[in-house]
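Enquirer: Take these sequences, add in the hints, and give me the full structure.
Taken in sequence, the protein lines are chains A and B. Reading the first sequence from the start, the letters are residues 1 to 150 in our numbering. Reading the second sequence from the start, the letters are residues 1 to 255 in our numbering.
A portion of the hints provided could be inaccurate.
Here are the computed lysine-lysine pairs in the BS3-like style, where the Cα-Cα straight-line distance is at most 30 angstroms [as the list claims (entries may be wrong)]:
#1 B/Lys64 with A/Lys119
#2 B/Lys153 with B/Lys229
#3 A/Lys124 with B/Lys229
#4 B/Lys116 with B/Lys94
#5 B/Lys124 with A/Lys124
#6 A/Lys124 with B/Lys116
#7 B/Lys182 with B/Lys81
#8 B/Lys107 with A/Lys124
#9 B/Lys182 with A/Lys119
#10 B/Lys81 with B/Lys180
No lab work stands behind these hints, which were simulated from the structure alone.
These are the residues of each chain, in order.
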Amino acid sequence: MRKSFILLQLFMMITAVSVFANGPEANASLFDLDESQLESDFQDLDQLENYLLDNEMQSLTDLRESQAGMLNQLNLGNLSEETLVAPAFSIDDMDWISFAWGFLCCPIGFFVVGINQNKSSDEKTSFWLGVIGNVIWSGIASALYYRSVL
Amino acid sequence: MLTWVVNKIDYIFLCMINRYPDSFSLGFPLLPCLLFLFGTFFYASLSAQAVYTRVEADFSMKEKTGDGGSSLTMGKVYFDKSQNKIVYNITFPKAEILISTDSFLYKIEADSLVEKLPNMNITKFSVLSLCLSGELPYFGLRQTPYKMTDVDKDGEMVISSWLPPEDYADTHGKMILSQKQKQLYGLISLNPGGDIIAKQFFRKYELISGLHFPTEIIALTYHGGTERKQITTYRNITLNQMQDETFYTYPVPAQ
Numbered sequence: 001m002r003k004s005f006i007l008l009q010l011f012m013m014i015t016a017v018s019v020f021a022n023g024p025e026a027n028a029s030l031f032d033l034d035e036s037q038l039e040s041d042f043q044d045l046d047q048l049e050n051y052l053l054d055n056e057m058q059s060l061t062d063l064r065e066s067q068a069g070m071l072n073q074l075n076l077g078n079l080s081e082e083t084l085v086a087p088a089f090s091i092d093d094m095d096w097i098s099f100a101w102g103f104l105c106c107p108i109g110f111f112v113v114g115i116n117q118n119k120s121s122d123e124k125t126s127f128w129l130g131v132i133g134n135v136i137w138s139g140i141a142s143a144l145y146y147r148s149v150l
Numbered sequence: 001m002l003t004w005v006v007n008k009i010d011y012i013f014l015c016m017i018n019r020y021p022d023s024f025s026l027g028f029p030l031l032p033c034l035l036f037l038f039g040t041f042f043y044a045s046l047s048a049q050a051v052y053t054r055v056e057a058d059f060s061m062k063e064k065t066g067d068g069g070s071s072l073t074m075g076k077v078y079f080d081k082s083q084n085k086i087v088y089n090i091t092f093p094k095a096e097i098l099i100s101t102d103s104f105l106y107k108i109e110a111d112s113l114v115e116k117l118p119n120m121n122i123t124k125f126s127v128l129s130l131c132l133s134g135e136l137p138y139f140g141l142r143q144t145p146y147k148m149t150d151v152d153k154d155g156e157m158v159i160s161s162w163l164p165p166e167d168y169a170d171t172h173g174k175m176i177l178s179q180k181q182k183q184l185y186g187l188i189s190l191n192p193g194g195d196i197i198a199k200q201f202f203r204k205y206e207l208i209s210g211l212h213f214p215t216e217i218i219a220l221t222y223h224g225g226t227e228r229k230q231i232t233t234y235r236n237i238t239l240n241q242m243q244d245e246t247f248y249t250y251p252v253p254a255q
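Expert: This is the structure in structure tokens:
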């Protein structure tokens, strides 16, 4: 009886872990979209987009000079000057601590960052860039060392 | 394959001549009729698989970040399958040209290369490329090691779950894909722990030269407890424009 209970508990634990790992159940409610919230969030950008479509396209610098009032009224004074078609990872996304793990101590960093599910993709990318950096640096250093020795 | 088809046609003719010798000897136009039918069938097959190689469109990308930041990018995008690169002629917030390849993103201002950044976006999995290749309904997942593990109908949606191969299970999570009327509607990406990291919605499909194209794509990404919302809109979509090559073949700058 006790053995069956332990087996049942084990089964429930395994099921719970697999349910967690598989994430939420696939159903239509996962694809619900709050339309009114979205409309409200993008109201200002929609207005600016329509203005730019109706008028000749101009740069943000020109717009700030000629339509500063409109931008402030739309609360878009801090509109980004960067284009959105940006790469998934750039130097600005580098997490230098993760990079240091990869560069200085990759065997431990592999467990701390590399396979840590709580780390973001940027942190993992930074770690692997650190590892690559380490390999390149080690290769150069070794080549220089052996060249001086031999 | 071609030899097999020719042999089969030859065999059919021989059978018909043997079976109905009179229809040939009396001048019955069986052969022209068969050729006409075969030609019609062949043409219909080609039309059904119309070859789309190029697409261009006006686009706008709006973004709201969790910390209150706003961005708007507008311009025109060009994609040619044979070139395997996406060229953005951006007009807002500033005039620049971006060339996105599988490995790098090149930023060009006033005909000069100003930045070359590593790019992890694979051209083949861009919406433009997936639309042209007819792989958008499954977001190209059928061409990847991901395997469909479950499919179910819920209301008007057909929802399928896709899992990465076991070797990648530590780094890649499950994907849940939904279709409405056989068109891709939503895509949810999960991390290996089972948390939702991104949702994408493909809406407002337009039929352009026989191709269904989503003109609005909404992307919600979740990271560190914040939500980033992005809406991409396509307008004036043109397929197979062959008159002006300028942006389709825009050269990747030399180093």
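Enquirer: Next, verify each hint and record whether it holds.
Expert: Hint check results:
1. B/Lys64 with A/Lys119: Roughly 23 angstroms separates the two Cα atoms, so the pair holds.
2. B/Lys153 with B/Lys229: Holds: lysine 153 of chain B and lysine 229 of chain B sit about 28 angstroms apart, inside 30 angstroms.
3. A/Lys124 with B/Lys229: holds, 23 angstroms
4. B/Lys116 with B/Lys94: holds, 17 angstroms
5. B/Lys124 with A/Lys124: With a Cα-Cα distance of about 24 angstroms, the restraint between lysine 124 of chain B and lysine 124 of chain A holds, given a limit of 30 angstroms.
6. A/Lys124 with B/Lys116: holds, 22 angstroms
7. B/Lys182 with B/Lys81: holds, 24 angstroms
8. B/Lys107 with A/Lys124: holds, 26 angstroms
9. B/Lys182 with A/Lys119: violated, 36 angstroms
10. B/Lys81 with B/Lys180: holds, 27 angstroms
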